[in-house]
Structure formats: structure tokens, C-alpha cells
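Asker: Sequence:
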Amino acid sequence: MEIYPASNHKDLEASIDEAVAHGCDALIGGYSAVELAEKHGIPSRLIRTGEDTILQAINEAIRTVEQIQIERIVAETYKTIIYASKDGILYIDSTGTIRVRNRVVKAMNNNISLLSRSLRTTLPYLYKSFSEVLKGGQEINGSILTIPKSNLTVSASFVPVVVNNNISGVVITLSDITEIQKLENQIRRSLSEKGLRAKYTFDDIIHKSAVIDATIDTARRYAASDSNVIIVGETGTGKELFAQSIHNASPRKNGPFVAINCAALPENLLESELFGYVEGAFTGSVKGGKMGLFEQAHGGTLFLDEIGEISLSTQTKLLRVLQEREVRRIGDNKVISINVRIISATNKSINQLAGKELFRRDLMYRLDVLRIFLPPLRQRDRDAELLFLHLMRQRGQECGIPVPEINLSALSALNDYPFNGNIRELRNIVERSLVICSGNAITRDDLLRALYPRDLEDTSPVPVYTASQTSGEESSIIWALGECGGNQTRAARLLGINRSTLWRKMQKYHIKI
1 MEIYPASNHK DLEASIDEAV AHGCDALIGG YSAVELAEKH GIPSRLIRTG
51 EDTILQAINE AIRTVEQIQI ERIVAETYKT IIYASKDGIL YIDSTGTIRV
101 RNRVVKAMNN NISLLSRSLR TTLPYLYKSF SEVLKGGQEI NGSILTIPKS
151 NLTVSASFVP VVVNNNISGV VITLSDITEI QKLENQIRRS LSEKGLRAKY
201 TFDDIIHKSA VIDATIDTAR RYAASDSNVI IVGETGTGKE LFAQSIHNAS
251 PRKNGPFVAI NCAALPENLL ESELFGYVEG AFTGSVKGGK MGLFEQAHGG
301 TLFLDEIGEI SLSTQTKLLR VLQEREVRRI GDNKVISINV RIISATNKSI
351 NQLAGKELFR RDLMYRLDVL RIFLPPLRQR DRDAELLFLH LMRQRGQECG
401 IPVPEINLSA LSALNDYPFN GNIRELRNIV ERSLVICSGN AITRDDLLRA
451 LYPRDLEDTS PVPVYTASQT SGEESSIIWA LGECGGNQTR AARLLGINRS
501 TLWRKMQKYH IKI
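Using the UniProt record's numbering, the first residue of the sequence shown is number 1, and each one after it goes up by one.
You may find that some hints are simply not true.
DSSO-like, lysine-lysine: derived pairs with alpha carbons at most 30 Å apart [as the list claims (entries may be wrong)]: (1) 79 with 149; (2) 39 with 86; (3) 253 with 317; (4) 86 with 290; (5) 253 with 208; (6) 348 with 505; (7) 135 with 149; (8) 86 with 287; (9) 199 with 348; (10) 348 with 287; (11) 348 with 208; (12) 86 with 128; (13) 182 with 334; (14) 79 with 135; (15) 208 with 182; (16) 253 with 290; (17) 317 with 287; (18) 182 with 79; (19) 290 with 199; (20) 86 with 182; (21) 290 with 182; (22) 199 with 128; (23) 135 with 182; (24) 334 with 348; (25) 290 with 334; (26) 317 with 348.
Each pair of labels, with its calculated beta carbon distance range [claimed, not checked]: (27) 268 with 150: 53 to 59 Å; (28) 268 with 66: 55 to 61 Å; (29) 150 with 30: 44 to 50 Å; (30) 210 with 316: 39 to 45 Å; (31) 41 with 85: 28 to 34 Å; (32) 225 with 268: 29 to 35 Å; (33) 415 with 362: 41 to 47 Å.
Worth flagging that the hints you see were computed from the coordinates, not collected in a lab. Since the structure is predicted, the reported quantities are computational estimates derived from the model, not experimental observations. Each residue gets a CB set at the ideal place from its N, CA and C atoms; glycine is no exception.
Full structure from sequences and hints, please.
Answerer: Right, here's the structure in full:
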């Protein structure tokens, strides 16, 4: 606070001029001082003579200055927010006059003069929505517009400014669509880095059979394409392993790899996972909504396992997404463009399902562009032995236990086994072998017990089967007899044939107990 003494009117004028030059925010004084302060546009407070009155006036002046400072800080803060924003911001008063604009909105409109000009004549592409908000009081968000002067596509929002229950104007925000897309891609990459990645490649496929060599060659050629792929094979044949390998060998390898088992979820939950939903779409929905797997897989690959299990209703919605290349979240009225490659997998014949009207043919044609057939383990010459050794070493490392030895004679027992569960079943056999083995080596008897487990209370000798040659039917009979502890009645029931038929086939293949 500064004190400027004055003994006459002339001194008073000089003192006020001096105060103005020093940046005076407010002035207190007598009638003449207040009158001169008003001429200079300076806030003032009238005081009457007397010590208490002067002290009161000084305190009031201090409060006035503090309030002015607060208002300046708030004003500068708002100004900084507006001018530092990467979005274009406008404030239009109730008469339709542009009162505030930042540098971004000016640049978007080729740097034309905007302040104090009519919105209707200067930026007519904004006027319709502005008028609707000014009249109705309801904000508008996500309106897609093209700025004529720069041909720039923006997302526009219109928010009313309400003072004392009256709309005094509208704030308009313009966001560059290309910047939004860049941010979206950054979010998708972040999601990818958090776990939506394929970890396997073709080098991880353990094999030595010619049939898998040929299958990998086909898959590598398919990886170079962007067409949808369907992988057909029995359960446990490694369909997701091939799907991840195809993704990692494709141009989309730096994008996300998102997988879902379509048979693991009920219809309504599967749809919410695939397509996402907005807040309040249904009871129990997550606050803020949820991004669907199609959105998460944007720029990458979506793996739909057990595709043959989805309902016809979900098939219809899936077909629309594939046709339009856009997805609509459940409960939303907006669509989101997507760029996704589909790899699907099934252990059923999609064509047969379509023939029974359980699968839409138009969807089948969308999915079944490139097809890969994965042979079952029993058709992969000696791969079972190689995989057994690999899985045994892997399991030993996981458990921190020494890996027992196993001779070729013991491994040969794998050649007669049907492996109806394929590699998934082989994992269980490895686990059982490690538990059953009581020494430093897995014997043929240990492996047979692992291959043909029976009830723990059954202490009869392990049945040994001899066969002149192996075949799919023969292997199935051997497997069934092993599962049933040599009981032919139960084995026949397991195979879906009668006991006499089983006996004849055992004679045919020289299978003896």
C-alpha cells in the first residue's frame, strides 16, 4: 500500500496521476479523490475523516485489492487453459457474436479474423448446432464436421453457459480427428504392451514329422496375406499355437493379438466381450462402459477359438461387424471403425453345421477364406516321442526336479496310443509318468501305467496288448481297453459298440490281454 499526500486539489490530481503510473489497483480517500479515481477508471472507496473510519477504509481497500488479485489469477488461469489447449475453443455470446477464441481455432480456419464477428457469417458450419444449444439448453457432443476453409475434419462439442438460470452463451470445442486417431492408436499400443501379444512363433512348434512341416509351410504363406484364416483340428492339436505363429509372421505382428474361447461364455456375456458396452447398458455393467475385443484388436488379430459353438444370434452380429468393418457397443448408437484380421478355430466341420442350419453360410464364407487342417497327434509320425521328451524337460524345470531318463523301448509304447486328447492329453501323461516313476528312469511299465490309468484301488497287473500293426481303429480299441482296465464290456460301451463286435475286432487285430 502506498500513501500519496495532497494539500490542495492540484496536488491531489498529481498524486492520483502518480498512483496510476505506479499501477494502482484501488484508491481510498475523500470525495475529491474518489471523483478523480472514477475519471481514471480506478476502483475507490470513500472515507470520512476520523481515525477509525480511515482504518476501516484501509482494511476494506486491502480486501478489494486481494479480491482483484484473485480475479486476475482466475482470469489468467482460464486464459492459459484456453490458449494452451490443443483443441480449438470458442465462446459465443447469446447474440451469436464470437467473444473468445484461441490460436488453434484460428489456425483451423486459415487464420481469419474471428473476434467480435458474427458466428453465422464467419463460421456458418457451426451455427446450426450453436442455435440448437442456445435454444434448448442441451449440450451436443461428438458432432463430426468438416471445416470448409481447411478441409479439416473435427469432432465438435457445444456446451451452454448458464448464469442465473439463463443461457448467456455457448462454448464450442473443436478436436482434430487425426489427433484423436493418433491418441487412439497410442492407447491400443499400450493395451498391446500390457499383455495382448502373441508369444509363440513357428520356431516354437516342436516336431519332426513331414506332415507338420507341410502344415507350417502353408501357414507361413497364409501369414503374408491379410485374409481371414480358419484352423480346423481336434481338441489339443495346437490351434492357438498356430494362430499366434501366423500373427507373429504377418504384417500385423506389431499389433495386438486378442484371443477368446467362444464356447467358454454364455451368449450375452460373449457379445459384451466381443463388442463392448456403454455405461448402464445392462445390470452389472462396469462404470464408464467397456471396450470390446474387436476394439482392442484394432490393427492386429482377433482369434476366435471354438467358433462353431456360437449362437445364430451372435453369428448375425458377428457377420455385420465383418461386413461393415465397424462395431457398435451394446447400448450405444455410435459405430467405431475397426481394422482386424480374424483367425478362427474349430474342432467341428463348419460346413456340416451350415448344412444342419446351425451355422450361417454367409458367415462361414467370411471366415473360411484360408483353411489350415492340423493333423491329430496319432497321424504325426514319431512326434509324440519328441513332444514327450520336450514336455518332460519343461515340466521338470517348472517343478525344479531332475528329469528321469527314458529309453527308446519305453518311448515306443507311445506309438500305439490313440491320443484322443492330442497334446493336451500328452501333457497329462507326462505328469503321470513323472509321478509314477520311482527311480532315475521311466520304464516301459511306468509309461504304460501313465498311458492306461485305472482306479487306484485296482491292483491287478497292467494289461499288456500286442498288435500286428497299428491303425486308428486298433489304437482306439487298445486305448479303451486300457481305460477300462481290460474289462471288455465297459470298453465296448466306451467305444459305442456291442461286446461281440469288440471281440471280433480284437481277433482281427490280434489284440490279447
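Asker: It remains to establish, for every hint, whether it holds in the given structure.
Answerer: Results for each hint:
1. 79 with 149: holds, 26 Å
2. 39 with 86: Answer violated: residue 39 to residue 86 is near 41 Å, above 30 Å.
3. 253 with 317: holds, 27 Å
4. 86 with 290: Holds: residue 86 and residue 290 sit about 27 Å apart, inside 30 Å.
5. 253 with 208: Roughly 26 Å between the alpha carbons, so the hint for residue 253 and residue 208 holds.
6. 348 with 505: Holds: residue 348 and residue 505 sit about 28 Å apart, inside 30 Å.
7. 135 with 149: Satisfied, since the Cα-Cα distance of roughly 27 Å is no more than 30 Å.
8. 86 with 287: The given pair, whose Cα atoms are some 28 Å apart, holds under the 30 Å limit.
9. 199 with 348: holds, 26 Å
10. 348 with 287: Violated, because 38 Å separates the two Cα atoms, which is more than 30 Å.
11. 348 with 208: Holds, because 26 Å separates the two Cα atoms, which is no more than 30 Å.
12. 86 with 128: holds, 24 Å
13. 182 with 334: holds, 20 Å
14. 79 with 135: Distance of about 27 Å is within 30 Å: holds.
15. 208 with 182: The hint is violated at about 45 Å.
16. 253 with 290: holds, 25 Å
17. 317 with 287: Holds, at about 24 Å.
18. 182 with 79: Cα-Cα ~27 Å, so holds.
19. 290 with 199: This hinted pair holds, its Cα atoms lying about 25 Å apart.
20. 86 with 182: Holds. Residue 86 to residue 182 sits at ~13 Å (cutoff 30 Å).
21. 290 with 182: holds, 20 Å
22. 199 with 128: Answer violated: residue 199 to residue 128 is near 52 Å, above 30 Å.
23. 135 with 182: violated, 35 Å
24. 334 with 348: violated, 35 Å
25. 290 with 334: holds, 14 Å
26. 317 with 348: holds, 21 Å
27. 268 with 150: 53 to 59 Å: violated, 45 Å
28. 268 with 66: 55 to 61 Å: For residue 268 and residue 66 the Cβ distance comes to about 60 Å; the hint holds.
29. 150 with 30: 44 to 50 Å: violated, 59 Å
30. 210 with 316: 39 to 45 Å: holds, 42 Å
31. 41 with 85: 28 to 34 Å: The hinted range 28 to 34 Å holds for residue 41 and residue 85, with Cβ atoms some 31 Å apart.
32. 225 with 268: 29 to 35 Å: Given range 29 to 35 Å: holds, Cβ gap about 34 Å.
33. 415 with 362: 41 to 47 Å: With a Cβ separation near 44 Å, residue 415 and residue 362 satisfy 41 to 47 Å, so the hint holds.
Taken one by one, the earlier hints fail for this structure at numbers 2, 10, 15, 22, 23, 24, 27 and 29, listed in ascending order.
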